[in-house]
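> So the protein lines, in turn, are chains A and B.
In this text, residue positions in the first sequence follow our numbering: the first is 2, and each later residue adds one.
In this text, residue positions in the second sequence follow our numbering: the first is 30, and each later residue adds one.
What the hints contain is simulated information worked out from the structure, not anything from laboratory work.
Any given hint could be a false lead.
Claimed, not checked - Restricting the straight-line Cα-Cα distance to at most 25 Å, the calculated cross-link-like pairs of lysine-lysine (DSS-like) are:
(1) B:194 <-> B:81
(2) B:100 <-> B:81
(3) B:100 <-> B:141
(4) B:211 <-> B:224
(5) A:10 <-> B:211
(6) B:334 <-> B:346
(7) B:194 <-> B:224
(8) A:45 <-> B:47
(9) B:81 <-> B:224
(10) B:161 <-> B:100
(11) B:161 <-> A:10
(12) B:64 <-> A:45
(13) A:10 <-> B:224
(14) A:45 <-> B:48
(15) B:194 <-> B:162
(16) A:10 <-> B:194
(17) B:48 <-> B:64
(18) B:194 <-> B:211
(19) A:10 <-> B:162
(20) B:47 <-> B:81
(21) B:101 <-> B:47
(22) B:141 <-> B:81
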Amino acid sequence: MIVFEEELKRFQPIPEVDQAEEAIYNNDLRDISDIVAQVTAELKGASMDAQLAGRIRR
Amino acid sequence: MATNIRPVMCPNCGAQIKKTGYCSACHMHINVLRKAYNTSDYYFNIGLDKAKARDLSGAIESLNQSLRYNKKNIMTRNLLGLIYYEMGEVVMALSHWVMSVNYQNSNNLASKYLKLLRQDPAQLEGVDQIAKKFNMALGYAESSDYDLAIIQIKAILGSNPHFVKGYLLLALLYIQVNNYEKARTTLRRVLKIDKANPLAIHYLHEMGDTDENIIQMRNESVENDGLFEDAYMEEVSVAEANSKPVSDSPIRRLLATIEDRYKKMTVKTGEFGEMRFAHYSGIYVMVGLVLGILLLFFVVVPAQKRNLRKENVNLTKQYSEEIASKNAEIAALQEEVASVQSQLDDILYSHDSTDNPLPDYSNIEHGLSEDDINMIVQSE
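Please work from the sequences and hints to get the whole structure.
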């Protein structure tokens, strides 16, 4: 059974030409390398914190 | 003898890879990156195969998956842009091509596409108009102005016959107004562009079409399927009058060369029927009306008058005959009355004149005369 209102929600307005810039920015998705870089940075930050904590304890 | 070993560069940031395999700048392991890029290429190949089979929705899905592994995959970006362009979503195509050029400025097919688009500002204007009209039609549909939405969408599809989203919205509107035949025709056009469009297949299933029907539908021609030939023609033609057809644009010509390059367009789409005589339909209607009125006054009305006159004469004749027959009947009856009267007069006259008078009933008592009593006595 097709419910018109529900189906209509699938249709989103399409960007106009002057909104192309916004579409390009939105298009810049994150790939695996971004995620790995983020995880590495987080780990690096965590290890630096741990080293700092160790020094303080000493 | 000293050997010069070329340093391995990081494909992600371009810095040197250490002996440990990690990048000196972004600290990523080269094997992780290679694996990710290989997976990205793997999904690109799947996407390419799907695009070759004209399963554009499936291709978009695979290519997006490819970008999740490597967003800098130029081939993926370019093909994705091309598929969006084919489906009439030019702004999406532009965004992928711009990203592609951003990642690789030289020796990139996307810069050629963008250059061609820039050379044709009328086309960009057309694209903008299409986006505006589609969004307006969406607004009409949301506010239940289905007729207006249909007119608007048809105007868009007239100038951009590959706009899949437009066809899907049009099909949904036709389903809403219970015009299932038109909805099917519209969805058939979608399947010609995008063979396995999940939304089109979903709508067809909901309308009771089987998978066999859908497969058959893909092979049917969409030429002269009458999608634009109805009451909305005039409005559509007016809307189309100011728009420029895109079939001969440089980007279309470029697409043909790209098709060869990728060898992807194995399934040809049909040329859609155009509304050639739509511009003159108003004049045709006026001429038809005038001819109709003339026909009414010079042929239909005189014929009707003639018939009425003939009917009148027949009725007069019929009533005259009836009156004559009634008169004859009256005369016959009058004659009969006269003969009866004369017979009565004769009887009365003969009775007065005869010697044998009628018996005298003056002395009758109890209903019997004296002679009768005598006769009864004699007989006993």
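> Take the hints in turn and mark each one as holding or not.
We went through each hint and held it up to the structure:
no.: 1; hint: B:194 <-> B:81; in the structure: holds, 20 Å
no.: 2; hint: B:100 <-> B:81; in the structure: holds, 22 Å
no.: 3; hint: B:100 <-> B:141; in the structure: holds, 20 Å
no.: 4; hint: B:211 <-> B:224; in the structure: holds, 19 Å
no.: 5; hint: A:10 <-> B:211; in the structure: holds, 22 Å
no.: 6; hint: B:334 <-> B:346; in the structure: holds, 19 Å
no.: 7; hint: B:194 <-> B:224; in the structure: holds, 14 Å
no.: 8; hint: A:45 <-> B:47; in the structure: holds, 17 Å
no.: 9; hint: B:81 <-> B:224; in the structure: holds, 11 Å
no.: 10; hint: B:161 <-> B:100; in the structure: violated, 30 Å
no.: 11; hint: B:161 <-> A:10; in the structure: holds, 18 Å
no.: 12; hint: B:64 <-> A:45; in the structure: holds, 23 Å
no.: 13; hint: A:10 <-> B:224; in the structure: holds, 23 Å
no.: 14; hint: A:45 <-> B:48; in the structure: holds, 20 Å
no.: 15; hint: B:194 <-> B:162; in the structure: holds, 12 Å
no.: 16; hint: A:10 <-> B:194; in the structure: holds, 13 Å
no.: 17; hint: B:48 <-> B:64; in the structure: holds, 18 Å
no.: 18; hint: B:194 <-> B:211; in the structure: holds, 16 Å
no.: 19; hint: A:10 <-> B:162; in the structure: holds, 18 Å
no.: 20; hint: B:47 <-> B:81; in the structure: violated, 41 Å
no.: 21; hint: B:101 <-> B:47; in the structure: holds, 23 Å
no.: 22; hint: B:141 <-> B:81; in the structure: holds, 22 Å
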